[in-house]
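2 protein chains.
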Amino acid sequence: MGRWEPDAQGRLGRAALELYLDPGYEQTTVADIAARAGVTERTFFRHFADKREVLFAGSAAFQQTVLSAIADHTEATTALAAAAAGMDAAAAFLQSSPDPTFARRRAAVIAANASLQERELLKLATVTSASASALVERGFDADDAAIAAEAAMAAFRIAFERWIASDEPLDLRELVAEGVARFRSLA
Amino acid sequence: MGRWEPDAQGRLGRAALELYLDPGYEQTTVADIAARAGVTERTFFRHFADKREVLFAGSAAFQQTVLSAIADHTEATTALAAAAAGMDAAAAFLQSSPDPTFARRRAAVIAANASLQERELLKLATVTSASASALVERGFDADDAAIAAEAAMAAFRIAFERWIASDEPLDLRELVAEGVARFRSLA
Chain A
53 MGRWEPDAQG
63 RLGRAALELY
73 LDPGYEQTTV
83 ADIAARAGVT
93 ERTFFRHFAD
103 KREVLFAGSA
113 AFQQTVLSAI
123 ADHTEATTAL
133 AAAAAGMDAA
143 AAFLQSSPDP
153 TFARRRAAVI
163 AANASLQERE
173 LLKLATVTSA
183 SASALVERGF
193 DADDAAIAAE
203 AAMAAFRIAF
213 ERWIASDEPL
223 DLRELVAEGV
233 ARFRSLA
Chain B
53 MGRWEPDAQG
63 RLGRAALELY
73 LDPGYEQTTV
83 ADIAARAGVT
93 ERTFFRHFAD
103 KREVLFAGSA
113 AFQQTVLSAI
123 ADHTEATTAL
133 AAAAAGMDAA
143 AAFLQSSPDP
153 TFARRRAAVI
163 AANASLQERE
173 LLKLATVTSA
183 SASALVERGF
193 DADDAAIAAE
203 AAMAAFRIAF
213 ERWIASDEPL
223 DLRELVAEGV
233 ARFRSLA
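Chains as they are written, first to last, in our numbering: chain A, 53 to 239; chain B, 53 to 239.
I should point out that these hints are in silico values taken from the structure, not numbers from a laboratory. Please note: incorrect hints may appear among the correct ones.
[Unchecked claim] To be clear about the criterion: a stretch of chain A counts as covered by chain B if any three or more of its residues have a C-beta under 8 Å from a C-beta of chain B, and this derived list gives those stretches:
| # | segment |
| --- | --- |
| 1 | 116-122 |
| 2 | 160-172 |
| 3 | 196-205 |
| 4 | 226-238 |
For glycine and all other residues, C-beta sits at the position ideal for the given N, C-alpha and C.
Taking the hints into account, I'd like the entire structure generated from these sequences.
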């Protein structure tokens with residue numbers, strides 16, 4: 053195994069996910085992941101801090117997608133519409149993944165482990181609060197921004213759960229839009 | 053130290069919170085907590101599974117308060133109104149605590165530790181999903197129930213953060229009601 057390791061990070065991520073599904077997250081060591089990916093443990097640690105972080109390597113890109121959309125969709129004239137634009141971009145981001153089953157398999161691993169669920173919730177809460185700040189940057193009232201960011205994220209999470217639970221292919225962007233519409237109709 | 057330990061659980065909880073604030077959660081051991089409360093470690097473990105659980109001992113009562121309110125407030129004729137009744141009861145529950153500074157000090161400890169934040173978010177997510185089920189029991193549409201439970205919990209969390217951050221005494225129930233009203237006005 054030389055220093056030239058094409059897409060070591062991608063192979064490590066795929067190997068980890070396979071092992072986290074079978075035999076399971078708790079049962080898998082970094083050594084197992086590295087062996088399956090055909091790299092050394094040292095290579096693993098060049099890409100990920102620990103085995104948990106493999107599952108959250110996309111978090112920064114996800115958040116950046118949301119924040120950019122909020123900043124860019126200047127045609128959205130209410131805090132809720134701007135927050136919804138952020139979540140629409142997040143849905144497009146997940147759907148455009150080169151491996152469309154990744155999000156679903158990742159969610160199955162997270163659902164099976166309380167400490168991973170907790171980490172996922174904290175990551176989403178971080179996106180929510182960053183979204184609220186981005187809405188304030190756009191000039192929306194801070195209280196409206198906080199509520200709109202929460203509403204859009206809740207719509208996203210409910211849509212995402214339906215999306216991954218469905219046996220038929222659904223459009224995540226449509227599900228998010230339906231969720232936001234349902235928020236409006238609650239009032 | 054005999055077998056007769058009046059309110060050992062309460063003393064342990066207060067001792068733990070004091071130590072979690074100073075010197076800090078990470079720096080505090082179960083032995084430290086037991087010593088400050090004047091009980092044995094064994095007594096600690098009769099009341100709490102570990103030092104983290106001291107902070108979440110009230111979770112079951114909190115959730116039960118919310119679910120009972122949703123079931124009982126039959127005059128609430130929309131999913132959002134019923135979910136809001138649950139969060140109003142939660143606010144009353146926290147405000148009626150014999151130690152009004154407890155919630156604030158507990159929140160300060162949690163805010164300082166990522167793993168505690170994660171646990172808190174998971175507990176609140178559990179209340180949210182149980183609330184949605186309680187709304188379905190009440191006969192509301194499942195999709196409306198999911199969104200209403202999320203909206204009410206988001207209003208609660210935003211209200212709670214404002215409540216604990218304020219130097220002046222605020223009414224948490226009023227803050228929750230304002231948050232729910234703001235959700236309505238978003239639409």
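Hints, one by one, checked against the model:
1. 116-122: This one is violated; 0 residues, fewer than the three required, reach chain B with a Cβ under 8 Å.
2. 160-172: holds (count 5)
3. 196-205: holds (count 6)
4. 226-238: Held - the segment 226-238 of chain A has 6 residues with a Cβ nearer than 8 Å to chain B, which meets the minimum of three.
Of the numbered hints listed earlier, the single one contradicted by the structure is hint 1.
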